[in-house]
Structures are given as structure tokens and as C-alpha cells.
Amino acid sequence: INGSPRRKSDGDDSDSKEKEKRLTHEEEMEVEQKRLDDEMEKRRRRVQEWQEQKRKQEEAEREKQGELESGKAWTLEGEESDDEDGTGRHTSMDVDEDDKLADNEPRESMVVDVDNGTVASDLHNGDTADDEIDPLDAFMNSMVLPEVEKLQNAVNSTLDKASDFKPKDKEDERSNGRQSRKRSNKSIGRIIPGEESDSDYADPDVEGDPLDEDDDEFMKRVKKTKVEKLSLVDHSKIDYIPFKKNFYIEVKEISKMTLEEVVLYRKQLELKIHGKDVPKPVKSWNQTGLTSKVLETIKKANFEKPMPIQAQALPVIMSGRDCIGIAKTGSGKTLAFVLPMLRHIKDQPPVVAGDGPIGLIMAPTRELVQQIHSDIKKFTKVMGIRCVPVYGGSGVAQQISELKRGTEIVVCTPGRMIDILCTSSGKITNLRRVTYLVMDEADRMFDMGFEPQITRIVQNIRPDRQTVLFSATFPRQVEILARKVLNKPVEIQVGGRSVVNKDIAQLVEVRPENERFLRLL
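Take 1 as the starting number for the sequence shown in this note's numbering and just add one per residue.
Treat the hints with caution; some may be incorrect.
Said to hold, decoys possible - Pairs of lysine-lysine residues, derived as DSS-like cross-links and limited to a Cα-Cα distance of at most 25 Å, are as follows:
1. K488 / K267
2. K328 / K378
3. K305 / K346
4. K280 / K488
5. K252 / K283
6. K328 / K293
7. K280 / K256
8. K244 / K381
9. K293 / K276
10. K299 / K378
11. K378 / K293
12. K237 / K252
13. K299 / K276
14. K245 / K377
15. K427 / K237
16. K256 / K346
17. K488 / K244
18. K484 / K244
19. K427 / K272
20. K484 / K328
21. K252 / K293
22. K280 / K267
23. K484 / K245
24. K252 / K267
25. K252 / K272
26. K256 / K300
27. K381 / K300
28. K300 / K378
29. K346 / K378
30. K276 / K245
31. K346 / K300
32. K381 / K293
33. K54 / K42
34. K293 / K346
35. K427 / K299
No lab work stands behind these hints: they were computed from the structure.
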């Protein structure tokens with residue numbers, strides 16, 4: 001009974017001793033943790049002081065250098081890009097110097113005893129081989145620091161180049177300003193000009209708005225289309241052979257017609273004319289000034305007299321004027337531009353191998369190209385003139401071989417013609433000899449999206465060409481686009497300016513869903 005209190009007292013003493021040991025361990029850990037926090041705070045302050053000092057030094061250096069960027073015109077985009085570059089330099093320098101300080105300062109390694117929970121802290125310089133190497137420090141030394149040094153060297157080299165730069169004059173400053181705007185706008189999206197925009201086809205000699213130049217830079221970075229592969233031709237550097245346009249001689253019977261008689265005759269033909277000094281319409285094929293071989297072929301085809309569009313268009317085109325012909329399908333538009341083309345070609349030197357065509361006819365579809373080609377062949381056999389159709393959906397090898405042999409007339413679709421001109425760096429054929437250009441069914445070509453191809457082809461043809469445009473319908477939007485290609489044209493309308501021909505009867509049938517397919521068959 002007397003021994004039990006002693007045992008309790010001994011147990012209490014051991015518990016108190018264990019509590020004291022735990023308290024001492026906790027106090028030691030708290031003290032050690034506090035000391036480590038103090039060391040980290042000191043180190044952070046030293047790094048901040050060094051960064052602040054480095055920034056002040058850089059600002060002082062920039063103030064001493066003065067107008068380093070005087071060659072660049074100030075823009076908002078350029079200022080943002082410069083700020084981004086500047087922050088990038090600060091970041092790279094801070095990382096580099098911070099890592100160097102970390103290497104020079106004594107490294108702190110904290111070893112935790114898992115068994116008793118004690119913490120041992122050593123400050124060492126890395127001299128002893130027995131100390132364990134920190135994996136993070138090893139990674140920084142082997143991978144990150146060399147990359148940071150490379151970035152630092154690149155920044156220093158660009159700063160040295162910038163300090164040596166001096167703008168020559170104001171022109172250089174403006175050009176450098178445009179270049180800086182182009183570089184800064186590379187990350188900004190651009191709207192590709194559509195059908196109503198001609199910014200892509202502006203004169204390269206005329207100094208345009210910087211935004212237009214930025215659009216050009218953007219288009220260069222986009223994958224090049226076939227239109228862009230066909231490079232523009234500088235006509236000022238090419239010595240073109242002069243040619244004759246005017247072959248029309250007005251006969252006495254037509255010259256004797258008074259103004260009232262001409263107006264009455266045009267009213268009978270349902271013709272509307274717009275233009276200055278328009279020749280009078282003819283009444284027979286003999287008054288057109290065509291050759292005897294052509295007139296014989298016309299007689300064999302049982303064409304008694306010119307149709308309304310032919311009666312007015314033939315004198316206009318034979319006079320060398322640009323022409324816009326608006327007439328419905330089946331009105332004889334093809335002969336209206338083919339017959340003057342034959343007279344135009346026979347007046348020029350013959351075409352040899354390697355020469356391009358003299359007459360170029362563009363149509364929207366291959367069916368129309370085939371139809372025009374078949375109509376022309378009736379006259380080319382008699383005249384000794386070659387005509388080659390160029391269209392998609394057929395073998396291109398035969399077309400290329402015929403073009404290489406040389407031809408006076410090419411009837412083509414714009415897309416396939418661009419392909420031929422771009423193939424083999426333009427060695428198959430060229431547009432240097434084209435002096436007579438025809439665009440048939442122009443409204444269809446514009447509706448089908450051929451405006452860029454047409455514009456690029458027209459730009460590569462000599463400026464003093466004769467251009468003829470025919471169409472069954474002629475909306476005002478297409479007329480505005482067509483007038484960019486023509487030079488003071490004479491507009492000839494047969495009937496009204498309608499989008500759809502009045503002679504076409506449109507019937508609409510409303511059928512149930514289950515009967516529609518069988519009805520279409």
C-alpha cells in the first residue's frame with residue numbers, strides 16, 4: 001500500500017520530463033524556423049535592392065544614349081511591342097543575376113530527422129564532397145543558366161546594333177516607321193479585300209496608305225493563290241510594237257444619213273447608245289469593211305443582214321473603240337466581236353513559236369468556250385488563223401502543246417488561263433502580244449468570283465489594248481467593275497437594262513415531297 005504513491009510520483013516525473021523534452025524540441029524548431037525566415041527575408045531584400053539598382057542603371061544608360069529609336073515612327077502598336085521587349089529584357093536580366101547571387105551565396109540545406117522530428121541546418125559553400133547536392137540547383141546550373149546567358153548575349157548584341165544606327169534623312173525615317181508598323185501589325189488580324197476592293201491591284205508606284213501596305217504584307221504571309229503567283233508586269237520597261245486599231249471606213253450610203261435618220265434607225269433596232277462620236281449603224285455586211293473571204297463565209301452561213309447588236313457594234317469595234325455590248329442570248333454577240341478580231345489579227349506580223357496570242361477571249365464556263373471556239377473555227381480555216389480553247393475539265397497536255405506551237409486566238413476560262421500562265425514560269429505562253437481582249441458573259445464571270453483572275457490577267461496585258469465586253473445581263477455593280485477595265489467605252493444596249501431577259505418564261509410547279517423526285521426525272 002505504501003509503494004503505490006511512489007510509483008505514481010515516478011510516473012508523473014517521467015511524464016513531465018517527456019513534456020519538457022517536447023517543449024524544448026518545439027522551441028528549437030520554432031527558433032530554427034524563425035532564423036531561416038530571417039535569412040530568406042534578408043536574401044529577398046538584397047535581390048530587390050539589386051534589381052532596383054539595375055533598373056536605375058538601365059534608365060541612366062537609356063537617357064545617355066538619347067534617341068536610340070529615332071529611326072522608328074512612333075505608333076501605339078510599336079510602343080506596345082517596345083514595352084514587351086523591354087520587360088523581356090528586365091526579366092531575363094533579373095533571372096540571370098538572381099541565379100548568380102544564388103550561386104555566390106552560401107547554400108542552405110535543411111535535413112529533417114524522420115525518427116525524432118529534429119531539424120538540422122547547415123550553412124555551407126559546397127566545398128565538402130560529403131554534402132548532398134540539391135537537385136534543383138543542379139538543374140538550374142545545367143539547363144536554365146546557359147539559356148539565360150544566350151538570351152542575355154542576344155539582347156546585348158541588339159542594343160549594340162541599335163546604338164550604332166543613325167537615320168539618314170526624313171525619307172528613311174518614314175520608311176522605317178512603315179516597317180515598324182508592319183512588324184507590329186503581324187499579330188493583328190486583317191480582312192482580305194473582297195470583290196468591291198481593288199487595294200490588292202493598286203499601282204505599286206503610287207505611295208498608298210500604310211494600312212494598304214500592311215494588307216499586302218498579310219496577303220504575302222497567307223498561302224499564295226494562283227492569282228498571286230502570276231506576277232505583275234511593269235509595262236514601262238517593255239518596248240511594245242505599235243499596232244493599228246482603226247480599220248473602219250464609212251461608206252457613202254451611211255455617211256449620207258442624217259442625224260434624224262440615224263436616231264430613227266436605232267429606234268427600229270431597239271438600240272440605246274451611250275458615248276461620244278459613236279459611228280452610225282450599218283445596214284448590210286458589205287458596209288462593215290470586212291475582207292472578201294469573211295464576207296463569203298458569212299454568205300455561206302446564210303446570214304442575210306447584221307443583227308441589231310452587230311449593226312452597231314461592228315462599226316464601233318472596227319473603229320478601234322472600246323465597247324460594252326448588252327444583248328440577250330442568241331442575238332449574235334459572238335460574231336460582233338469575232339469578225340473585227342480577224343481583221344485586227346491579219347494586220348499584225350504573224351505569230352511564231354514562243355509568241356503569245358494576239359486575241360484573247362475570256363468566258364465563264366467551258367461550254368461557252370467550246371461554243372465560241374466552234375463559231376470561230378468557221379472563219380479561221382479560211383483566214384489561216386489558229387485558235388486554241390483553254391478550259392478546265394479536260395486534258396491540259398494537248399492545250400499546252402498547241403499553245404507552245406503558237407496561236408493567234410485563245411478562248412479560255414480565267415482559272416485555267418491563270419494555271420497555264422503560271423506553269424513553267426510562263427514559258428508555255430504569255431500575254432505580251434495581246435492587243436485585242438474580249439470578255440463574254442462578264443456578269444456571269446463576276447458572279448462566279450472570277451474578278452481577281454480577270455483583273456490580274458488584264459493588268460498583265462499592254463495598256464493600249466482594245467477591250468470589248470459583252471453580256472446578256474448587266475447589273476450596275478458589274479458595270480462599275482467593268483468600267484475599270486475599259487477606256488472611254490461606247491455602251492450599246494439592245495432592249496432594256498434588265499437582270500433577267502423578258503423573253504424567258506419562268507414556270508413554277510409546286511409538288512408534294514413524294515412526287516418531286518419523280519417529276520424532276
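Hint by hint, here is what the structure shows:
1. Taking the CA atoms of K488 and K267, the gap is about 24 Å. The hint holds against a cut of 25 Å.
2. For the hint linking K328 to K378, the alpha-carbon distance of about 23 Å falls within 25 Å, and the restraint holds.
3. With a C-alpha separation of about 24 Å, the suggested pair K305 and K346 falls inside the 25 Å cut-off, and the hint holds.
4. About 18 Å separates the Cα atoms of K280 and K488, which keeps this hinted pair within 25 Å; it holds.
5. With a C-alpha separation of about 12 Å, the suggested pair K252 and K283 falls inside the 25 Å cut-off, and the hint holds.
6. Of the pairs offered as hints, the one joining K328 and K293 is violated, with about 28 Å between alpha carbons and a cut-off of 25 Å exceeded.
7. Restraint check: the Cα-Cα separation between K280 and K256 comes to about 10 Å, which is no more than 25 Å; the hinted pair holds.
8. Between K244 and K381 the alpha-carbon distance is near 23 Å, which keeps this suggested pair within the 25 Å criterion.
9. Under the criterion of a C-alpha separation no larger than 25 Å, the hint pairing K293 with K276 is inconsistent with the structure, at around 32 Å.
10. Restraint check: the Cα-Cα separation between K299 and K378 comes to about 12 Å, which is no more than 25 Å; the hinted pair holds.
11. As the CA atoms of K378 and K293 are separated by approximately 11 Å, the hinted pair is consistent with the 25 Å bound.
12. Restraint check for K237 and K252: the C-alpha separation of about 44 Å exceeds 25 Å, so the hint is violated.
13. At most 25 Å may separate the alpha-carbon atoms for a hinted pair to count; K299 and K276 exceed this at roughly 33 Å.
14. The hinted pair formed by K245 and K377 meets the criterion: a straight-line CA distance of about 23 Å does not exceed 25 Å.
15. For the hint linking K427 to K237, the alpha-carbon distance of about 19 Å falls within 25 Å, and the restraint holds.
16. Distance check on the hinted pair: K256 and K346 sit about 30 Å apart at the alpha-carbon level, beyond 25 Å; violated.
17. Simply put, K488 and K244 have alpha-carbon atoms about 18 Å apart, close enough for the 25 Å limit, and the pair holds.
18. Among the hinted pairs, K484 with K244 is consistent with the structure: their alpha-carbon atoms are about 23 Å apart, no more than 25 Å.
19. A hinted pair counts as satisfied when its Cα atoms are at most 25 Å apart, and K427 with K272 does not qualify at roughly 44 Å.
20. With a C-alpha separation of about 23 Å, the suggested pair K484 and K328 falls inside the 25 Å cut-off, and the hint holds.
21. For the proposed pair K252 and K293, the alpha carbon gap of about 23 Å is at most 25 Å, so the pair holds.
22. Restraint check for K280 and K267: satisfied, since their Cα atoms lie roughly 13 Å apart, inside the 25 Å limit.
23. A distance of roughly 20 Å separates the Cα atoms of K484 and K245; the hinted pair therefore holds under the 25 Å criterion.
24. Proposed proximity of K252 and K267 is supported: the alpha carbons are some 22 Å apart, at most 25 Å.
25. A C-alpha spacing of about 24 Å is found between K252 and K272, which places the hinted pair at or below 25 Å, so the restraint holds.
26. For a cut-off of 25 Å, the pair hint linking K256 to K300 is broken: about 30 Å separates their Cα positions.
27. In summary, the hint linking K381 to K300 is supported, as the alpha carbons are separated by about 14 Å, within the 25 Å threshold.
28. About 10 Å separates the Cα atoms of K300 and K378, which keeps this hinted pair within 25 Å; it holds.
29. At most 25 Å may separate the alpha-carbon atoms for a hinted pair to count; K346 and K378 meet this at roughly 16 Å.
30. Taken as a hint, the K276 and K245 pair is honoured in the structure, with Cα atoms around 18 Å apart against an allowance of 25 Å.
31. Among the hinted pairs, K346 with K300 is consistent with the structure: their alpha-carbon atoms are about 21 Å apart, no more than 25 Å.
32. For the hint linking K381 to K293, the alpha-carbon distance of about 10 Å falls within 25 Å, and the restraint holds.
33. Between K54 and K42 the CA atoms are separated by roughly 18 Å; this keeps the pair inside 25 Å, and the hint holds.
34. Taking the CA atoms of K293 and K346, the gap is near 12 Å; set against the 25 Å cutoff, the hint holds.
35. Distance hint between K427 and K299 is unfulfilled; the C-alpha atoms sit about 40 Å from each other, more than 25 Å.
The earlier numbered hints that this structure contradicts are 6, 9, 12, 13, 16, 19, 26, 35.
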